[in-house]
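K.L.:
Below, each chain spelled out in residue letters.
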Amino acid sequence: MMPNTMRDAWYPVGLLSGLSDDGKDSQLLGEPISVFGAKNGRPSVESAGRTLPVVERFGHLWTSLGSPNKDLFTIPEADHPERKLVDVGVVRVKCSPLRAVENFLDVAHFPFVHTDILGAESHPEVSDYKVEIRDDVDEVWATKVEFFQPQAAKSAGGGITTEYMYRVPAPTCAVLYKTCPPRPGEWDVITLFVQPLTEDLCDVWPWMALFDDESSMTDLIHFQQLIFLQDRSILENQLPKRLPLDPAMETPTRADLTSVAYRRWLKRHNYTFGAQLVAE
Amino acid sequence: MILYDYILSPSCYKVRLLASLLEVPLEVRPVDFHPGREHKSAALLALNPAGSIPILVDGDLILTESAAMLAYIAGQHGPGWLAGSNPVDIAQQQQWLAFSHRLTHALGGARLVEMLHFYGDLPALQASGIAALRELEAALFARRLSGGTFLVADAPSIADIACFPYVALAPDGSVSLDIYPSIRIWMRAIRALPGFIEMPGIHRLHELAPDPFEEASL
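So the sequence lines, in the order shown, correspond to chains A and B.
According to my numbering, the first sequence is numbered sequentially starting from 1.
According to my numbering, the second sequence is numbered sequentially starting from 1.
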């Protein structure tokens, strides 16, 4: 039985620019929903005759099956008017929604899955970084993550050591702040918003807020789709299908600290849709 | 040569792959296929009324079928990738180029439904895809028994490049390749070709673990 805590969280269900006035049938946490464009003047979501709460933010429509006790998180950095806001578009993945987020938080796979782009096989080391669960905001944060990247971004000319910060502000959402090649001192914002359809199926809505005067919007979309589709084929082959929250299942290494904190945070809140609680 | 390209399109990848294998420079013009549907825009429909990509433009020549693009690039830069004068080879090459359309429709269709929210009859597409894979597996098995690795004659050809991407990406449409050993060996041979490039979902061959005996003899 799904714990109520996850029903009260916010989830992305569509691109604001791509909603259909006639409605589109989808799923959220295993329940059927219909997502409408301007049916009543504003976008809306219905489930089993109920009208669900909605928020329009980050280029997407968000909803919740329950009663959210706090507003959808914000990303103040993304509000800068000179940033390019990139709607990358939906990709369906046959994996646990929690697995999709966990993979996004991992840097150790870069040299092997995103070879010669986000990592190089000759530079697989993940140096020490800092991970914490920030109780005041109730978010998972990883900071001071450094990694050598042959082509860190569309705007990166060559190999650079990139600094990352990771943030998990909601059970199926992750925000990545990374070195911005054309604007030292600023962070590029790259997000992974995951709509959990079932425990082993999700729709992923990547979104970005970048400083990049050179690349076209299509270039930026293609770069991120290239990266995420490299992940997709790996995600669909991970076993066990659901994310194990039982420490007996796996032996993490230091490079996995973010994942360990994410799993601990999920368990603390009973965010278990897509998780495996007991080792099988 | 300008290729109107989408990074996730297996048909566009065929052209990029052959160009890379033959070291032919391509000017790539990215098309916002998803989510932008730019291939249905007025500008691209003027270039290709069929509303599909890839589109290859070389001077006055505009090609909108990937098989024709493969033939054009090979004809200019790699005649060995085209069937020679043997009527059987010519016929088989045409046979596989036509067959590749079945792969595009069935396995490619299932992939678009499963991955990018396109509409389609998924079970029917998967069933046609599996039927095509069974046919390909049988043909490649017969080729192997007679000492061949590739689809036509003794060398890789545009027939292999035309069929390879949608087969390799069948799992994107929830069609498993686990049960086709001859197809897997054939795909490995293609991935081992000098100049091979990857696309998302089709990985390069990573170096195998060092040979322990070779190590010992040093």
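Since the hints were made in silico from the structure, they are not lab data.
Hints may be right or wrong, so weigh each one.
As the list claims (entries may be wrong) - Anything over 10 Å on all C-beta distances counts as not near chain A; from chain B, calculated: (1) Ile7; (2) Glu23; (3) Glu38; (4) Pro49; (5) Ser52; (6) Asp60; (7) Ile62; (8) Tyr72; (9) His77; (10) Phe150; (11) Ser182; (12) Arg188; (13) Arg191; (14) Pro200; (15) Gly201; (16) Pro212.
What the hints assert, rightly or not - With a straight-line Cα cutoff of 25 Å, these simulated BS3-like cross-link-like pairs (lysine-lysine) come out: (17) A:Lys267 <-> A:Lys94; (18) A:Lys241 <-> A:Lys267; (19) A:Lys24 <-> B:Lys40; (20) B:Lys40 <-> A:Lys84.
Glycine is no exception: its CB is placed at the ideal position from the N, C-alpha and C atoms.
K.L.:
State for each hint whether it applies.
P.N.:
Hint check results:
1. Ile7: Contrary to the label, Ile7 of chain B does not stay out of reach of chain A, its closest Cβ about 4 Å off (not over 10 Å).
2. Glu23: Holds, because the least Cβ-Cβ distance between Glu23 of chain B and chain A comes to about 18 Å, which exceeds 10 Å.
3. Glu38: Nearest chain A Cβ is 7 Å from Glu38 of chain B, so the label is violated.
4. Pro49: Correct as stated: the minimum Cβ-Cβ distance to chain A is 22 Å, above 10 Å.
5. Ser52: 17 Å, holds
6. Asp60: Holds, because the least Cβ-Cβ distance between Asp60 of chain B and chain A comes to about 26 Å, which exceeds 10 Å.
7. Ile62: Label holds. Min Cβ-Cβ 21 Å, cutoff 10 Å.
8. Tyr72: 24 Å, holds
9. His77: 25 Å, holds
10. Phe150: 25 Å, holds
11. Ser182: With a cut-off of 10 Å, Ser182 of chain B remains clear of chain A, as the shortest Cβ separation is near 22 Å.
12. Arg188: Arg188 of chain B clear of chain A: closest Cβ-Cβ about 16 Å, beyond 10 Å.
13. Arg191: Per Cβ check, Arg191 of chain B is outside 10 Å of chain A; nearest 14 Å; holds.
14. Pro200: 3 Å, violated
15. Gly201: 5 Å, violated
16. Pro212: 20 Å, holds
17. A:Lys267 <-> A:Lys94: 22 Å, holds
18. A:Lys241 <-> A:Lys267: 17 Å, holds
19. A:Lys24 <-> B:Lys40: OK: Lys24 of chain A and Lys40 of chain B at ~21 Å, within 25 Å.
20. B:Lys40 <-> A:Lys84: 24 Å, holds
Going through the hint list in order, the structure does not satisfy hints 1, 3, 14, 15.
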